[in-house]
Amino acid sequence: MIAPARGADPGRCRLGSATLGATDVHSAIRATRNRTVTRETRQRMNTPPSSPGAKRADGPSVRIGALVPLTRPGWVEAGRHLLAGLELGVREVNDAGGIVGRPLELVVRDTAADPRRAAAAVDELAGLGMAALAGEYHSVVARAAATRADALGLPYLCSSAVLDALTEQPTDRVARLSPPQSRGWQVYADFLLGAGHRRIAVAAQPSVYWASGTRILRDHLAARGGGTLIELDMSALSATAVCDALVGHRATALLLLVGHPEPAVSIVKSVRHDERLAEILIGAPAGQPEFAEWATLLGDDGAAIPFLRYLPERLGPLGARVESVLRERLAEAPSFVAFEGYDTVAVLAEVLRSHGPDRARIAASWPHVAVEGTRGRIRFSRTPGISVWQWAWPHIQVADRDPAEPDRLRILHTG
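Counting in the numbering used here, the sequence shown runs from 12 upward without gaps.
By construction, these hints were calculated from the structure, which means they are not laboratory data. Since the structure is predicted, the reported quantities are computational estimates derived from the model, not experimental observations. Worth double-checking, as some hints may not be accurate.
[To be verified] No more than 25 Å apart at the CA atoms, straight line, and that leaves these computed lysine to any residue pairs for SDA-like:
#1 280 / 332
#2 280 / 234
#3 280 / 291
#4 280 / 252
#5 280 / 218
#6 280 / 421
#7 280 / 260
#8 280 / 292
#9 280 / 241
#10 280 / 270
#11 280 / 179
#12 280 / 311
#13 280 / 325
#14 280 / 250
#15 280 / 249
#16 280 / 303
#17 280 / 423
#18 280 / 255
#19 280 / 312
#20 280 / 259
#21 280 / 215
#22 280 / 304
#23 280 / 315
#24 280 / 417
#25 280 / 236
#26 280 / 418
#27 280 / 216
#28 280 / 290
#29 280 / 403
#30 280 / 164
#31 280 / 415
Based on the provided sequences and hints, a complete structural model is requested.
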């Protein structure tokens with residue numbers, strides 16, 4: 012459904028099936044409109060066969076709000092993949108008859124990695140009558156959104172953020188698809204230990220997310236009886252100084268817990284071109300190397316840097332079909348974030364079909380969800396230490412870019 016939100020200001024404009032602020036759309040337009048085939052051709056190529064008797068959705072729309080980082084300092088490339096998955100999911104729902112004959116509409120707001128901006132967007136979307144909220148990539152932003160949505164009684168399905176403490180107190184209104192940080196980063200720590208690393212440095216910027224990751228790594232290494240974690244404060248060190256510190260601490264691995272593209276790119280270049288550090292492993296558990304921009308900025312230097320992603324080793328029929336469509340829409344291989352976007356809509360559509368757009372009924376439905384997603388069957392449960400309804404678990408991989416063929420990803424470890 013392509014329509015501006017009711018009550019939206021006249022400065023809003025339309026993008027695909029999403030409604031965006033006029034000041035937010037420039038990079039998103041380039042990312043989602045620059046196609047080499049016409050809309051009609053794309054629809055013919057990508058639309059799955061309709062179910063027998065399926066009727067095109069019509070009538071008043073059922074609207075869900077979506078939070079996506081589309082401008083800097085947000086991670087724009089991750090936002091573009093998330094939005095592509097969300098939009099594809101909405102289009103396929105509508106092509107299959109919508110929500111009991113009503114079209115599903117996605118109303119998008121750019122968070123730009125700003126928690127206050129996200130909270131304000133939640134207020135706006137709740138006031139515009141959204142049935143539910145979806146999306147967001149950045150963990151600290153998602154936490155602000157989840158807290159505000161919970162206070163307003165707006166059910167929220169978080170697509171991609173992993174911070175364990177998504178809300179301060181347990182809530183029934185919020186559910187999450189992505190695995191919590193503690194789960195993924197423990198898998199990453201196991202990979203490091205299995206590869207023989209015992210002196211592991213983390214180059215970290217001040218952030219709740221990076222501090223949480225550092226704590227998870229330290230605690231898990233200690234619990235496994237191996238490994239020293241060396242913390243390098245990137246608010247006080249240059250990329251060159253990081254190299255000196257790695258040599259001084261005799262580190263065998265360096266983990267990048269910093270922003271992308273900077274200072275991550277500068278650190279990688281400095282380490283890669285320091286002969287003293289020829290044998291050191293560089294890692295990026297937050298997933299930066301999966302995206303094409305990483306390879307563009309770093310070339311061969313960006314290969315062999317392990318990262319986390321949330322995909323099975325082999326996609327099933329649904330996942331394979333969606334992967335093909337997303338690849339064409341994005342003009343590149345879709346990241347796991349794009350699959351998270353698609354699965355978000357698949358879950359919400361099933362909930363809306365079964366329970367209608369009433370917010371309280373949607374929130375009450377999380378423990379009863381059983382939806383076939385692109386990466387497996389999705390069910391939500393209560394998980395110790397997690398304050399929201401959680402899919403336990405998506406598949407977790409440690410992967411990297413193959414040095415011999417940087418466009419190809421290798422699976423190094425699964426958990």
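Hints versus structure:
no.: 1; hint: 280 / 332; result: violated (37 Å)
no.: 2; hint: 280 / 234; result: violated (33 Å)
no.: 3; hint: 280 / 291; result: holds (13 Å)
no.: 4; hint: 280 / 252; result: holds (13 Å)
no.: 5; hint: 280 / 218; result: holds (23 Å)
no.: 6; hint: 280 / 421; result: holds (22 Å)
no.: 7; hint: 280 / 260; result: holds (20 Å)
no.: 8; hint: 280 / 292; result: holds (13 Å)
no.: 9; hint: 280 / 241; result: holds (20 Å)
no.: 10; hint: 280 / 270; result: holds (15 Å)
no.: 11; hint: 280 / 179; result: violated (39 Å)
no.: 12; hint: 280 / 311; result: holds (10 Å)
no.: 13; hint: 280 / 325; result: violated (33 Å)
no.: 14; hint: 280 / 250; result: holds (9 Å)
no.: 15; hint: 280 / 249; result: holds (12 Å)
no.: 16; hint: 280 / 303; result: holds (17 Å)
no.: 17; hint: 280 / 423; result: holds (23 Å)
no.: 18; hint: 280 / 255; result: holds (14 Å)
no.: 19; hint: 280 / 312; result: holds (7 Å)
no.: 20; hint: 280 / 259; result: holds (19 Å)
no.: 21; hint: 280 / 215; result: holds (17 Å)
no.: 22; hint: 280 / 304; result: holds (15 Å)
no.: 23; hint: 280 / 315; result: holds (13 Å)
no.: 24; hint: 280 / 417; result: holds (16 Å)
no.: 25; hint: 280 / 236; result: violated (32 Å)
no.: 26; hint: 280 / 418; result: holds (19 Å)
no.: 27; hint: 280 / 216; result: holds (18 Å)
no.: 28; hint: 280 / 290; result: holds (14 Å)
no.: 29; hint: 280 / 403; result: violated (37 Å)
no.: 30; hint: 280 / 164; result: violated (47 Å)
no.: 31; hint: 280 / 415; result: holds (18 Å)
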